[in-house]
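Trainee: If you read the protein sequences in the order shown, they are chains Y and W. Taking the numbering used here, the leading residue of the first sequence gets 23, the next gets one more, and so forth. Taking the numbering used here, the leading residue of the second sequence gets 9, the next gets one more, and so forth.
Calculated directly from the structure, the hints in this document are not laboratory data. One should not assume that every hint holds.
[Claimed, not checked] Pairs of lysine-lysine residues, derived as DSBU-like cross-links and limited to a Cα-Cα distance of at most 30 angstroms, are as follows:
| hint | chain 1 | residue 1 | chain 2 | residue 2 |
| --- | --- | --- | --- | --- |
| 1 | Y | K395 | W | K566 |
| 2 | W | K250 | W | K226 |
| 3 | Y | K409 | W | K521 |
| 4 | Y | K232 | W | K226 |
| 5 | W | K253 | W | K380 |
| 6 | Y | K434 | W | K557 |
| 7 | W | K447 | Y | K237 |
| 8 | W | K572 | Y | K357 |
| 9 | W | K250 | Y | K434 |
| 10 | Y | K237 | W | K402 |
| 11 | W | K402 | W | K521 |
| 12 | Y | K354 | Y | K57 |
| 13 | Y | K395 | W | K253 |
| 14 | Y | K354 | W | K267 |
| 15 | Y | K395 | W | K568 |
| 16 | Y | K44 | W | K381 |
| 17 | W | K568 | W | K540 |
| 18 | Y | K389 | W | K494 |
| 19 | Y | K232 | W | K530 |
| 20 | W | K380 | W | K521 |
| 21 | Y | K113 | Y | K389 |
| 22 | Y | K434 | W | K577 |
| 23 | Y | K237 | W | K530 |
| 24 | W | K466 | Y | K233 |
| 25 | Y | K407 | W | K250 |
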Amino acid sequence: MHNLNFETANAIYLHFPFCSSKCPYCDFYSTKYTKLGVDQFWAALFMELKELSRTTKNNLVQTIYIGGGTPSLIEPVFVAELLQKIKYRFKVPPTAEITMEVNPASVTEEKIIKLKRAGINRLSVGIQSFNDQHLSFLGRRSNAENNKKILSLIDNYFDNYSADLIFALPNQSLNEFEQDLEEMLKFSPPHISLYNLELHENTPFYEQYKKGNLKLPAEELDADMYELALEKLNTAGYRHYEISNFCQPGYRARHNYLYWLYQPYLALGPGASGFDGSCRYQNFRDLEKYIDYYNPERFTFAEIMDLKKKNKKSFSELLKNKKKLDVNNKAKIRKINCLTAEEKMAEYSFLALRTDNGLFYHKFYQKFKRDFKTIYKAEIEELIKNKLIIEANGRIHLTTRGRELANEVFLKFLLD
Amino acid sequence: MQTDKIRNFCIIAHIDHGKSTLADRMLEYTGTITDRKMQEQVLDKMDLERERGITIKAQAVSIEYQGYELNLIDTPGHVDFAYEVSRSLAACEGAILVIDAAQGVEAQTMANIYLALEHDLEIIPVINKIDLPSANPQRVKEQLLDIGIDPDEAILASAKNGTNIDQILDAIIERVPAPYNGINQPLRALVFDTLYDSYQGVIAYVRVMEGSVKKGDKILLMSNQKSYEVDEVGFFSPAMQKKDKLTSGEVGYIISGIKDVRNCRVGDTITLKNNPAQKALPGYQKVQPMVFSGLYPTDNADYEILKEALEKLQLNDASFTFEPETSEALGFGFRCGFLGLLHMEVIQERLEREYDLDLVITAPSVEYQIIKKNGEEVKIENPAAFPDPSEIDKIKEPFVTAEIHLPEEYVGQAMELCQDNRGDFKDMQYIDQDRVTLKYEMPLSEIITDFFNQLKSKTRGYATLDYELEGYKASNLVKLDILVNKEVVDALSTIVHDDHSYQQGNALVRRLKEVIPRHMFKVPIQAAVGGKIIARVNIPAMRKNVLQKCYGGDVSRKRKLLEKQKEGKKRMKQVGSVEIPQEAFMTVLERDENA
């Protein structure tokens, strides 16, 4: 097995794989929230943290992102403990960006305050819409009123936060989306993320779509909505710094930006994906396996559930007699995929081009020792001719049209 | 073997009535096949045949039973191979007619009976699948009476369970006449199928009608007067078994170093060079391909591989032809000739499966005869090669007589369909109270589009179709061109009747709009006849194609999605600046239900 090697990783992603209910469009890994499951998960996560921290050389962490799942289900006291454990193993300067995703349905004013005290300095709130019908279609447990309430609370307590909107929903009119945007802009969040509804395999929406029971809006309307958003957000002073992301000056999502800059990052938790600069890995989307793997001297998850059911004596007593779990194959916890030079170049290109800065030829050269402009001479010329990219000052970047047709651009920079 | 101890027979049945299972059971019962590991349905050899449940090549097996030699000849079961079927039947004296005890007499059963009677075969009716709970042999017997077959002669059987197989075998011995004994006459052997073996060359499946043939004999093929020396003769059991000689009445094979199947065609008569027969056996026809289409490798680099694959397929199939062709849109490829649509599909599937080729296939066409104003006459089977309309005086196209057997309740729909496809009603006959045969004269070009599929769907699968070439007749035909982004795409041109050109042009551009993806620019699709645009749709420019969400967990997945998109683009044909997917070239085939 390849050994992951995080010489320069300055970012940590942490996946909290629990939700109260699953949204029908979401394909992130999550499972039903149970107290026992969460307890076991924390124990395992701390073990993984320990294991991965040993593979790093430079322990400086600039950004931490707690995603999920629904991390706002975590008791703030555990958030504090988690950050403490991270700080025990890594250097986390006071300037580090520490983000947590929150669901408006599972936060309160008290929680927001406590999260801030626990050390979280940026929230990312999944608003998605201010329209009750659309929220219910998306399987969200919050409503428009609560969304507004939570947003204004967050705005009260947090200087830095981001809010998400989803558009191009079935039966959504341009006007409805405009109302969502306007509602959002009333709060002037420092950062806004915008996504059209994408259908992923193995989600209920995808199944409905295949059966013909779910129709996405026409490409034209999707594009009209996106263009409307660009215009409105631009007028409101937002910088369109990545295809789906907008910020007021100084409020870029630093953690996400590292992804687009092709920087390595540690990822923890079942289903989480990390990158050490040359290999990508994904932990299996299986909480039980994860827990069993990182609890080698304890009971298996299934055993604990079983004991709990039978209401046996305390765990500690039973622990004494418990033999070691047979975890002899360490490779089983995650899939590691080391990239070829071509794959790296392709990923680097399309990630860089997602940002407003685009792709700098000299940076590409530094990284791969190959001249981007020479490899893709014809492609670059064609894309410029089609007004999809602009070349200036030793870099190329997408035009507005290029952002809408970004895949057509990215395709050109895949090597055979 | 003495002639009076030989019985030559075939099994005929409506599809799914249990023909192949019965054949297998007979082989097992008589110990012809002892290997228990034999695959189901020994006689259908190719995977494709097994999957589609149809026989494409004829097969022959000699069965030893109670001192008799019973030769079973299995026939192909599709209208495309009608000629091969007729030659197989000509090699027999009797036919087992299998009827499903639950389904009863069906349209194809009738067609089979006619065919058997035409060849003067003794018919042994077998009511099969009596093990089924829904079996109703009494009803089937009544039906037999209706159609003039003595129901008392019918044998009740279950091929699946092996019930009464012995009775069937006994009936073959008792009722099928022994072959004519012409041992003292000059050799006349009927070729009813051929197979190519890379070591031995052509293996001719023959029925010796008169005389005998042995190793070392100099034989003569009577159609082309080519002569060869016999290397080996033998019979099938079902593996090939050498034998000293084949004599009058027997079925077997002859190997004589023939390198090209085209020199040993089905229906030909083999005689001896030194003692030739006066006359060839009746009924020889050189089967000609009737349907033509262009086969192009998606990746031009595969041209040589495709060429080799076609050469190999042709070794085994004299009725399949090909020659190099160039298309402005598709590059280098081959114009191939087939007996019919099924034959075409089988060959395409074999190319894709056995040779792993990615192909673009143009819509099938027939061969047109064009009489130019200057009197010159040309034969053209590629619409792209049609001369300028101003030079054309007359266009003739092949017509067939189509016979459709179907239950009476679907007659209305079937007639409507025939009418829509330029059918000219000729006759309608009741086979019995609820079964009908329709006769239409129709252009072959209509039959080879979507006709058969539509017929099937309009009659819930009950209709069967047979057709026979009648000859060429003048029609008011025009070439329908398709322009994609203002450029004519030669591979999308078709020949249509002038009265339908507007309608078909409209339908076609609409279908193309569905299959051609959006581009960065607006792509007009136009249909034109003689340079005049008759239909137009626009594929709007692509507005949005972006994976909006892309974070740490998504990168590799997004890259793979992009790679897949790129792969998809590679499989398309670049015509000018437009990428056209493979299926677009076949959409020409489809007919709009409402058109």
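Trainee: Against each hint, give a clear statement of whether it holds in the structure.
Mentor: Verification of the supplied hints:
Annotation: proposed proximity of K395 of chain Y to K566 of chain W holds, straight-line Cα distance about 23 angstroms (limit 30 angstroms). At most 30 angstroms may separate the alpha-carbon atoms for a hinted pair to count; K250 of chain W and K226 of chain W meet this at roughly 18 angstroms. For the hint pairing K409 of chain Y with K521 of chain W, the CA-to-CA distance comes to about 25 angstroms; that is within 30 angstroms, so the pair holds. Distance check on the hinted pair: K232 of chain Y and K226 of chain W sit about 66 angstroms apart at the alpha-carbon level, beyond 30 angstroms; violated.
For the hint pairing K253 of chain W with K380 of chain W, the CA-to-CA distance comes to about 56 angstroms; that exceeds 30 angstroms, so the pair is violated. Restraint check for K434 of chain Y and K557 of chain W: the C-alpha separation of about 20 angstroms stays at or below 30 angstroms, so the hint holds. For the hint pairing K447 of chain W with K237 of chain Y, the CA-to-CA distance comes to about 47 angstroms; that exceeds 30 angstroms, so the pair is violated. For a cut-off of 30 angstroms, the pair hint linking K572 of chain W to K357 of chain Y stands: about 21 angstroms separates their Cα positions.
Between K250 of chain W and K434 of chain Y, the direct Cα distance comes to roughly 63 angstroms. Violation of the 30 angstroms bound is thereby established for this hinted pair. As the CA atoms of K237 of chain Y and K402 of chain W are separated by approximately 51 angstroms, the hinted pair breaks the 30 angstroms bound. The straight-line distance between the Cα atoms of K402 of chain W and K521 of chain W is roughly 33 angstroms, outside the 30 angstroms bound, and the hint therefore fails. Using a Cα cut-off of 30 angstroms, the hinted pair K354 of chain Y and K57 of chain Y holds, with the two alpha carbons roughly 26 angstroms apart.
Our distance criterion of 30 angstroms between C-alpha atoms is broken by K395 of chain Y and K253 of chain W, whose separation comes to about 77 angstroms. Of the pairs offered as hints, the one joining K354 of chain Y and K267 of chain W is violated, with about 59 angstroms between alpha carbons and a cut-off of 30 angstroms exceeded. With a C-alpha separation of about 24 angstroms, the suggested pair K395 of chain Y and K568 of chain W falls inside the 30 angstroms cut-off, and the hint holds. A C-alpha spacing of about 74 angstroms is found between K44 of chain Y and K381 of chain W, which places the hinted pair above 30 angstroms, so the restraint is violated.
A hinted pair counts as satisfied when its Cα atoms are at most 30 angstroms apart, and K568 of chain W with K540 of chain W does not qualify at roughly 45 angstroms. The suggested pairing of K389 of chain Y with K494 of chain W is violated, with an alpha-carbon distance near 45 angstroms, which exceeds 30 angstroms. At roughly 28 angstroms between alpha-carbon atoms, K232 of chain Y and K530 of chain W fall within 30 angstroms of each other, so this suggested pair holds. Restraint check: the Cα-Cα separation between K380 of chain W and K521 of chain W comes to about 35 angstroms, which exceeds 30 angstroms; the hinted pair is violated.
The suggested pairing of K113 of chain Y with K389 of chain Y holds, with an alpha-carbon distance near 26 angstroms, which does not exceed 30 angstroms. For the hint pairing K434 of chain Y with K577 of chain W, the CA-to-CA distance comes to about 11 angstroms; that is within 30 angstroms, so the pair holds. The straight-line distance between the Cα atoms of K237 of chain Y and K530 of chain W is roughly 24 angstroms, inside the 30 angstroms bound, and the hint therefore holds. Between K466 of chain W and K233 of chain Y, the direct Cα distance comes to roughly 25 angstroms. Compliance with the 30 angstroms bound is thereby established for this hinted pair.
Annotation: proposed proximity of K407 of chain Y to K250 of chain W is violated, straight-line Cα distance about 73 angstroms (limit 30 angstroms).
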